[in-house]
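Each chain, letter by letter, is given below.
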Amino acid sequence: MQFKYKNLLVHISSLLLGCLLTTNAISGDWAQFRGPGGSGAATSEHCPISWSNSENLAWQADLPGRGISSPIVVAGRVLITACSGIRQDRLHVLCFDQRSGKQLWERQFWATGRTQTHQKINTAAPTPVSDGQSVYALFSTNDLFALDLDGNLLWLRGLSEEYPNANNSLGMASSPIVADGSLVVMLETDSQAVALGIDCQSGATRWELDRPRIANWSSPTLLRGSEGQAIIALQSSRGLSAHDPKTGTQLWNFDRGCDTRPTGVSSGEVAYVPSNGLVALRGNGLSATPDVLWESNRLQPSTASPLLSGDRLYVINRSILKCADTATGKVVWQLRIDGDFTSSPVAAGNHIYVFNEAGVGQVIEDEGDRGRVVGGGDLKEIFICTPAIADDAIFIRSDQHLFKIAASSE
Amino acid sequence: MRTFSRLGMLLSLAWLLGPAPAFAIDAADDISEPLRQLGAIDSADQPSSAAAAWKQVAEADVRQLPRVLAAIDTEHPLAANWLRSAADAMVERAIAEGQPLPLDELEQFIHETEHGPRARRLAFELLREVEPKRAESLIPAMLQDPSVELRRESVALRMSEAEQYQQSGERDSAITAYRQALDGARDEDQVKQIAESLRGLDQELDLPRHFGFIQNWQMIAPFDNTGQAGLEIAYPPESTIDLQAEYQGKDGPARWQAYSGKDDFGTIDFNKPFGALKEVAGYAWTEFNSDSEQQVELRLGCKTSWAVWVNGEKLFSHNEYHRGVKMDQYRVKAKFKPGPNEILMKVCQNEQIEDWTVEWEFQLRVCDATGTAILPVNP
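Chains as they are written, first to last, in the working numbering: chain A, 422 to 831; chain B, -1 to 377.
Simulated from the structure, these hints should not be mistaken for laboratory data. Fair warning: this is a prediction, and the values are worked out from it, not measured in the lab. Each residue gets a CB set at the ideal place from its N, CA and C atoms; glycine is no exception. Mixed in with the good hints there might be a few duds.
Stated by the list, open to error - Here's a subset of chain A near chain B, in silico, CB distances under 8 Å, partners left out:
1. Q529
2. L577
3. R578
4. N589
5. S717
6. Q721
If we strip away everything but chain A, and leave its shape as in the complex, we get (with noise of 0.2 Å):
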C-alpha cells in the first residue's frame, strides 16, 4: 500500500511537472482553443449567471473584421484574431487589456493563401495559442504569426506556399496547440494533409507527418504519458493516433474512424474522442493501440465539441446537452436546450455556459443528478466562437465586438 501511495505521489509531480514544461502559461488563463488544457473548464468559479448588454457587461470593444475564433487571455491580456477586406485577406491579430478593455496593440497581415471559406466561417477561424510569452495566430489561409505579448513580431510562415494544396472551400479551422515547445499545427484536406511540429522559438519545423487526405477541422489535443510527459494526439476520420510532440514519433493508434469536425478532450492519460459517440482510450506503453475504457453511441457530438469538467463529460447533440461519469460513459442526465449549436460548451464551477447560433446565452447548472437552466443572456449579436473564461469574467466575440461578462464593472 505504501508502495503504491509513493508511486502515486511520483506519478502526481511528474504531472505538474509536465503542465510546467508544456506551457508557461499562468493558472487561471486560458490560453488556447476551450482552455486549460483544452477541455472547455475553467478555473474560475462564479462567473455571472445572467448578462445583457445593461448587466454585467464589464466592457465592449470594437473589433475591425469578422471572425469564429475565439479570445483568449494570457497575463493580463485578452488576445484575438480576425479578418476584414472584400475577400476576407486582412489577417489582424488584437491585443486588449483584459481588466479595462483598452486595445493594447493590433498588427494586420496580408493573406498568403486561399481565403474562399463557406458564408458562415471566415478566414478567421482557428483559435490563437499562447504559452504564456509568445501568442501563435493561425489563420484558414495556413498564414502563421508568432508574436510575444507586446505585439513584437518574432516569426511567421507562411504555409500556402509550402503547402499549396492544403485548403479546402469550406475554409480551414483546426487551432494550433503547444506541447514542448511544439507549435502543433493540423493542415488536413482531401488535396494534401499534413500534421506539423514547428519550434516555437524559431518557428523552423521540427517534424511534419503525412496525414489521411480526408478534409479535417478537428484540432490537436493534448494527452499525459504515464511519466507525466506531454503526448500529442491527432484526430481524423482514420482514427486517433498519438505523437511525442518534439519528434512526432507516433506512440500509438487507435485506427477506428473518429468525428472530423468536434475535438476530442483529454485528462491525464485518458482520451475522450468523437467516435460514433464518445470513447474513452488510454495509451498503455506497451503496443501499439490503446486500451478502449469504454465507448458509449448516446455520447454523439455534433458539431460543438465536448467538454470535460471534474469527472464529467458534457456533450451537445443538436439541442440535447448530456452529461456523462468519465469513469463509465453512462449518462447521468440531459438536458433539452434552446437552439443549434457551433460554439462549444464551457464550465465555470457546476456551471456550464453554451451560446447557440442565434447568439443566446444559457447557463446551466450541473446539480448532480439533473442538470437545470438557472440563467442566461443575450447580447443580441450573433457567437459561433466559443468563449474564453479567466478570473471569473467570460470572454466572447461576435464579427463586431468583444466583451467582457463580469459580475461588476471594474
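Based on these hints, arrange chain B on the given structure of chain A.
Positioned in the frame of chain A, the structure of chain B alone reads:
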C-alpha cells in the same frame, strides 16, 4: 460598461498636436539594413536576425514610414507581412507618443503608382484615419488604379453618381457613368450590380470579355472516375491532343466536340454536352493566342476536382468535391509564349447523388494580377 473604438480618435488627436518637424533622421536611426533584411525574406528559412530587424524598423522615427511602405514593393508576400506589421507598430507607437504622421509624404506615396498596390492602400488608410476628406478627395481619380482596393472605392463612387443621374432622369449621363464604373470594376459583386443597372437601361454587355473568361472549348468525356481515382489517371488527352481521335470512355466511346459557353461568368458545363453523369472525368481544351511572351494569371472556379495544363505542362490540380464554387476561387500563375498557347482543363465528377452535387463544370479566365482581363489576339 466602457466602449472602446479603434485608433481613429487617437490619430486625429495626434494630428492636432501639430505638424511634423523638419525631416532630419539621425544616423543611428538608419533603417536601410533592417529594411533590406526584411525585404529579402522569401521562404520559411528566415534569418534569426529577422525579429531584431523588425523591431529596429518598428522603433524607428515615424517620419521613415514612407521608406517602410516603399520597401513593401517587394513581390514576396512573406517579406510584405514582415514590413507591413512593422509599419503598424511604428504608427501605433507614434500615435501613443503624440507624434504626427508624415501626411504629405503619405499622400505623395499614394500618387506614385509605381509603388506596391497594397502599400499604397495602407498609406491611403492612414491618411484617411487622420484627414478623411483629404484622402477621399483622391478617390474619383482612382477608377483605373493598380490597387484593386482603391479602385473599388472609386467604382463605388461612380456607381453612386450613376444612380443619382438615373433617379433624376438623366439617362445618358447615367449610362456613361455606369459604363465608366464597369470599365474600372474588377470585383464580381460590383460588376453584377452595374450590369443589372445597364441592362435595365437596355444596354448590351459582354461580361465574359470584361473578365477575360474563355468561352470556346473542345471537350471530351466521359472517362472513368470510379472511387474518385480519375484525377490521378492520365487519360490520352493529357499526352496528346488529337481532336479527331476517339477513345474508350467509361461506358462507351469518348469523342471531342466543340462547345461554347453562354454564361455571363464563363461557366462551362460538362453536363450539357455529355449529360448528368456521375463518377466521370472530362477534359476541355482550347488555344489562347497571345500577342507576346507574358506572365498571366489563370483564375478558376470549380466545385469538383480539377487539373490544368498550359502548353503541356501541368500547373496545378486540386482534389475536392462539392464544397462550394466561386469566381476566382483558384489563382494559378502561368507564362504564355507569343502565339498560340494550349490550355487543357480536366474536371472530375464524383459519386454523390444529392441535388446539390449535380454541377460538373468550371470557369476559367485569363487576367493580370489586378484581375484585368487579358484577351487573345487574332492569329
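ask   = Minimum Cβ distance from Q529/A to chain B below 8 Å?
value = holds (6 Å)
query = Can the hint on R578/A be confirmed by a CB-to-CB distance to chain B that is less than 8 Å?
reply = Status holds, d = 6 Å.
message = Restraint: Q721/A near chain B, CB-CB cut 8 Å. Satisfied or not?
response = violated (22 Å)
Cut-off 8 Å, beta-carbon criterion: hint that S717/A touches chain B = S717/A check fails; min Cβ-Cβ to chain B is 30 Å, beyond 8 Å.
ask   = Against chain B, is N589/A within 8 Å by beta-carbon distance?
value = At 6 Å from the nearest chain B Cβ, N589/A passes the 8 Å test, so the hint holds.
task = Answer holds if the nearest beta-carbon of chain B is closer than 8 Å to that of L577/A; otherwise answer violated.
result = It holds, given that the least Cβ distance between L577/A and chain B is near 6 Å, below 8 Å.
The structure does not agree with the numbered hints 5, 6 stated previously, though it agrees with the rest.
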